[in-house]
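Protein chains: 2
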Amino acid sequence: MNPTTTVDQATKSGTALQLSRRAHLIPASPIRKLAPLADAAKARGIHVYHLNIGQPDIETPACMRSRLKELDAKVLEYSPSGGTPAYVESLQHYYQRRLGMDLRTDQILATTGGSEAILFAFMACANEGDDVLSLEPFYTNYRAFATMAGLNIRPVATRGRDGFHLPAREAFEQALTPRTKVVIICNPNNPTGTVFSREEIEMLAGFCREHGLFLISDEVYREFVYDGRHATSALELPNADDFVIVVDSLSKRYSACGIRLGALVTRNKSVWDAGLRMAQGRLSPPGLAQFIAVGAENLGEEYTRDVVKEYQHRRDVLYDGLRAIPGVSLTKPEGAFYCMPTLPIDDADRFASWLLRDFSHDGATVMVAPATGFYASELGQHEVRIAYVLNEKDLRASIDLLRIALEQYPGRTA
Amino acid sequence: MNPTTTVDQATKSGTALQLSRRAHLIPASPIRKLAPLADAAKARGIHVYHLNIGQPDIETPACMRSRLKELDAKVLEYSPSGGTPAYVESLQHYYQRRLGMDLRTDQILATTGGSEAILFAFMACANEGDDVLSLEPFYTNYRAFATMAGLNIRPVATRGRDGFHLPAREAFEQALTPRTKVVIICNPNNPTGTVFSREEIEMLAGFCREHGLFLISDEVYREFVYDGRHATSALELPNADDFVIVVDSLSKRYSACGIRLGALVTRNKSVWDAGLRMAQGRLSPPGLAQFIAVGAENLGEEYTRDVVKEYQHRRDVLYDGLRAIPGVSLTKPEGAFYCMPTLPIDDADRFASWLLRDFSHDGATVMVAPATGFYASELGQHEVRIAYVLNEKDLRASIDLLRIALEQYPGRTA
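Here the protein sequences come in this chain order: A and B. Numbering follows this note's numbering, with no gaps: position 73 of the first sequence is 74. Numbering follows this note's numbering, with no gaps: position 105 of the second sequence is 106.
No wet-lab data here; the hints were simulated from the structure. Misleading hints may appear alongside valid ones.
When chains are identical, the list treats them as one kind, so a pair holds in a single copy or across two.
Said to hold, decoys possible - Simulated pairs of lysine-lysine, DSS-like, Cα-Cα distance not exceeding 25 Å: (1) Lys333 x Lys394; (2) Lys34 x Lys270; (3) Lys394 x Lys75; (4) Lys394 x Lys43; (5) Lys394 x Lys310; (6) Lys333 x Lys310; (7) Lys310 x Lys75; (8) Lys75 x Lys43.
Bear in mind the structure is a predicted one, so any value in this text is a computation, not a measurement.
Let's have the full structure, built from the sequences with the hints guiding it.
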């Protein structure tokens, strides 16, 4: 034993055990930190309408759920790290059918939800200390994954008055730093409901191409587009194979959020290979999820059409309802199942807490997500994210409650 | 637009798109890179006995699998980020029953396999560039997670001639650097089959306590101990609540590797809280897995007893069989279902490839994991990891093949 080493090191022992910097930086879910207030409201007998979370009430297709009754494996074994051939091929067929796109199975990597695909993509494309350029407001968990990967999010603001569409390319140029390695976009967008046009996506791709950046395109809401729109997949772009990485998920497409199954899709062989090695580290994606996922191959086109029709109707109900409330402003959401209205309030966090703690009407209240959690900058104080995942009746009741709440809220502005 | 910025940045565009350093560093699975050779052997009609992977052939308990037939949820929803109350409470009961330990539900965090618990623990306890002290040989995927977290593994060697038991504390003191933040141990050990004694674990805990280090104790093989041994859980240690983090998993315990369900268990509130925030980032652990996991509550003590008895018998068959092969040396494995014999060979990687590519006997061969993948240093060239997850008949056939192969192998030494 070297006593010198021991003595030197022992000086460390006086200090309390420190967590890592990133452990401190990883944000608590801005939605989930309101959960105790919602629980308390429910404990007081108040019905809480959840507009705060993208958990659809649509049934997971029976042809997926019924697979569980058919499982006859006696041993629930590891699957291949990149996914079972059956699952990966089912995605291959999906891309062929849905986007007319011939992808090879070694361009599709099964992941544990879209979440893991985001983490793998961040890890593969950028070093600790590098920058990720992201539209703002953004899906709040980008920040969690960026922090885990040691990356900084550099926001490019989009504004409600523009329907949260892309700013001119100058805004991206100005946000660029020597350490920018990646641009991430969510299209159709969570939390804003914006569907970016082909021209917008091409502008962004041109920006990435010129500056040698990866483009991570989070397309988990691909199906959810209204008024006849088409969500351009970054996989459709010409001359973009080397820098495009698509994040996909079954969560929303088949209302199967809990199974945790998604994919990372890229034609860049090095990125796919790095993803596979990370996937090997964690051994397998969830096996039961993969087993039922292939049941989706039995769905006809009418499945998506009917679901989208239902959401479009809800969107209309919500949009018309919110517009009719004095002081509320929003542009018509184009896709996904979120919108981000500006409310006549002093502070979205305070308002969201007040709804749960101090407000109720006829024994009910609503829960919304304060927009501040979707911003890296100080913006968003007057906005909330509303998920229209409730049926029409509940949605109408929620809008009524919101109208009444805004009349009573002490921090009402304008 | 600021043209200066554009021109400056444009100089980047000439360079090819670079992956991150960590993307290059994350190792390919040392087992899975032999897979193409195994596939080719099978394509030639050769039967391959898999001694290379810890995929048990024991059935997943029927009381877990049958839960799938009972699932009547119409929407497969997100579960709470830290796990469903039912799953977390089932683990709470397990710890009470199995270790006589009263844990609170906010000391148990559901994770996507033990894998995710390792990643969360690394991320929470150490910054990029910090060191992790690990016994060597180690579970190969520690390296993948350390690389993802930006950590360096500093090995402390254990040796086959000592049954891979811990070296004296001096070896740990010598491996310590100013950036060491964490010690990770796997007990019972993968890949060596060693069960560390209470005294060894206490020595290690004393070392961690004195130097202000976290102790990550990977106990996913807790049940698999032979000859009446007890695997000491780090959770049993006195005065260790603030620095002990246990990694747990249902994969081996219930032969359910494919469902991807585990847990991070710690009495350190800050670590648990950091884990929960990372868990919120990825939304939920797999829901179907959690749903069937609670079925394990119906298992009596005889389940584990019978499984362990079967593995102990296999261990005996393997140990006696390997010892009888000239030039092979090993100490008797004490737990898990692995052993790491030293073989009379020039190079374990070459031997493992040769078995698949050039050898067969009566139409069969064996696949083993070269030990080099379990070492950070240059050690392990003469060792292979053997998983005794096959039934007795197949295990005996495998040992015979290994004996014959070692007689024929051109790189045989001694």
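Right, here's what the structure says about each hint:
no.: 1; hint: Lys333 x Lys394; in the structure: within (20 Å within a copy, 68 Å between copies)
no.: 2; hint: Lys34 x Lys270; in the structure: between (40 Å within a copy, 17 Å between copies)
no.: 3; hint: Lys394 x Lys75; in the structure: between (44 Å within a copy, 20 Å between copies)
no.: 4; hint: Lys394 x Lys43; in the structure: within (20 Å within a copy, 59 Å between copies)
no.: 5; hint: Lys394 x Lys310; in the structure: within (16 Å within a copy, 59 Å between copies)
no.: 6; hint: Lys333 x Lys310; in the structure: within (16 Å within a copy, 65 Å between copies)
no.: 7; hint: Lys310 x Lys75; in the structure: between (41 Å within a copy, 20 Å between copies)
no.: 8; hint: Lys75 x Lys43; in the structure: between (42 Å within a copy, 23 Å between copies)
The structure meets every hint from the earlier list without exception.
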